[in-house]
Amino acid sequence: MKFLAMCSTGLGSSFMVRMNIEDIVRELQLPDVSVEHCDISSAGPDSADVFFVAKDLEEAAAGLGDVVVLNSIIDKDELREAVKAAAVRHGAL
Amino acid sequence: MLSELLTAEKIRFSSDSLTWRQAVTQVAEPLLAAGDITAGYVDAMIESIAAGGTYIHLGYGIALAHARPEAGAVRTSLSMLRLTEGPAPLLDLPEHAVDLYFCFAAVDATAHTTAMSSLARILSDTETREALRAAGSAAEVTTLIKRFEEDR
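Protein chains in written order, with UniProt numbering: chain A, 1 to 93; chain B, 1 to 152.
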């Protein structure tokens with residue numbers, strides 16, 4: 001399963017989200033989950049199983065598939081719940 | 001290491017009431033003065049926010065201003081500006097009330113991973129984040145960062 005964190009530039013916030021997702025994936029011991037980050041314009045529906053974006057990109061990410069919209073990209077508790085829920089949706093937890 | 005990038009002279013405090021444009025200009029100032037970024041980089045950050053780039057708001061009143069490396073990043077660098085007398089809301093939107101601005105420059109997409117990961121970790125740690133937001137001097141900020149790094 002692949003998680004993809006996205007932001008407008010693919011440099012700053014998406015990378016931060018990716019780091020935090022990686023921590024959580026380790027913490028939850030999710031098997032076979034890869035985490036990457038990129039800018040939203042280079043992502044397509046086939047790029048990942050679950051897409052993570054901040055609120056401002058909600059509209060731009062619509063249509064990609066399973067999109068998780070985060071209120072704060074540095075709120076680890078919010079992210080942990082979102083990752084858990086996504087893992088459950090995709091049968092990995 | 002974050003503590004090597006975010007040195008005392010790159011940490012500023014302002015008690016002025018600023019607009020977001022002034023805040024971005026001020027947080028970028030130490031990097032501009034050190035030659036870490038060009039004036040074009042500052043313009044690019046402001047343009048990208050003006051074009052709807054409130055994504056730089058990380059939550060908790062903290063924003064990470066940055067632009068593409070090719071906009072004028074000379075050296076990978078980081079600065080910080082804390083507004084002690086109230087926020088400078090991005091695009092004047094109350095939901096983007098930011099009073100802690102970071103300015104980040106990366107020379108390419110891979111060179112900055114270490115610094116970004118430690119910044120992400122430090123800001124995602126509730127206790128350290130609160131302490132950082134309450135810090136009143138550059139010395140306090142650098143002590144916090146070093147302590148966080150040592151604990152890891």
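Everything labelled a hint here was simulated from the structure, so no lab data went into it.
Mixed in with the good hints there might be a few duds.
Distance condition first, Cα-Cα at most 25 Å in a straight line; then the derived SDA-like pairs of lysine to any residue [unchecked claim]:
#1 Lys55(A) <-> Ser41(A)
#2 Lys55(A) <-> Arg121(B)
#3 Lys55(A) <-> Ala97(B)
#4 Lys55(A) <-> Glu22(A)
#5 Lys55(A) <-> Pro87(B)
#6 Lys55(A) <-> Arg68(B)
#7 Lys2(A) <-> Ser47(A)
#8 Lys55(A) <-> Glu95(B)
Footprint (simulated), chain B over chain A, 3 or more residues, beta carbon under 8 Å [as the list claims (entries may be wrong)]:
#9 8-15
#10 24-36
#11 42-51
Here's a subset of chain A near chain B, in silico, CB distances under 10 Å, partners left out [claimed, not checked]:
#12 Met1
#13 Lys2
#14 Asn20
The beta carbon of each residue, even a glycine, is placed where N, CA and C say it ideally should be.
How the hints compare with the structure:
For the suggested pair Lys55(A) and Ser41(A), the alpha carbons sit about 16 Å apart, so the restraint of at most 25 Å is met. Restraint check for Lys55(A) and Arg121(B): the C-alpha separation of about 21 Å stays at or below 25 Å, so the hint holds. The hinted pair formed by Lys55(A) and Ala97(B) meets the criterion: a straight-line CA distance of about 15 Å does not exceed 25 Å. Between the alpha carbons of Lys55(A) and Glu22(A) the distance comes to roughly 20 Å, so the proposed pair stays at or under 25 Å and holds.
With a CA separation close to 20 Å, the supplied pair Lys55(A) and Pro87(B) stays within the 25 Å bound. Note on Lys55(A) and Arg68(B): the hinted pairing holds, with a Cα-Cα distance of about 21 Å set against a maximum of 25 Å. Note on Lys2(A) and Ser47(A): the hinted pairing holds, with a Cα-Cα distance of about 8 Å set against a maximum of 25 Å. With a C-alpha separation of about 12 Å, the suggested pairing of Lys55(A) with Glu95(B) holds against the 25 Å cut-off.
Restraint check on the region 8-15 of chain A versus chain B: 7 residues with Cβ-Cβ distances below 8 Å, three needed, restraint holds. By the rule of at least three residues with a Cβ nearer than 8 Å to a Cβ of chain B, the coverage given for the region 24-36 of chain A is violated, with 0 such residues. Coverage of the region 42-51 of chain A by chain B is violated. Counting CB-CB distances below 8 Å, 0 residues qualify, and the rule asks for three or more. Because the smallest distance between the Cβ of Met1(A) and any Cβ of chain B comes to about 22 Å, over 10 Å, the interface hint for this residue is violated.
Because the closest C-beta pair between Lys2(A) and chain B is about 19 Å apart, greater than 10 Å, the hint is violated. Checking Asn20(A) against chain B by beta carbon gives a least distance of about 6 Å; that is within 10 Å, so the hint holds.
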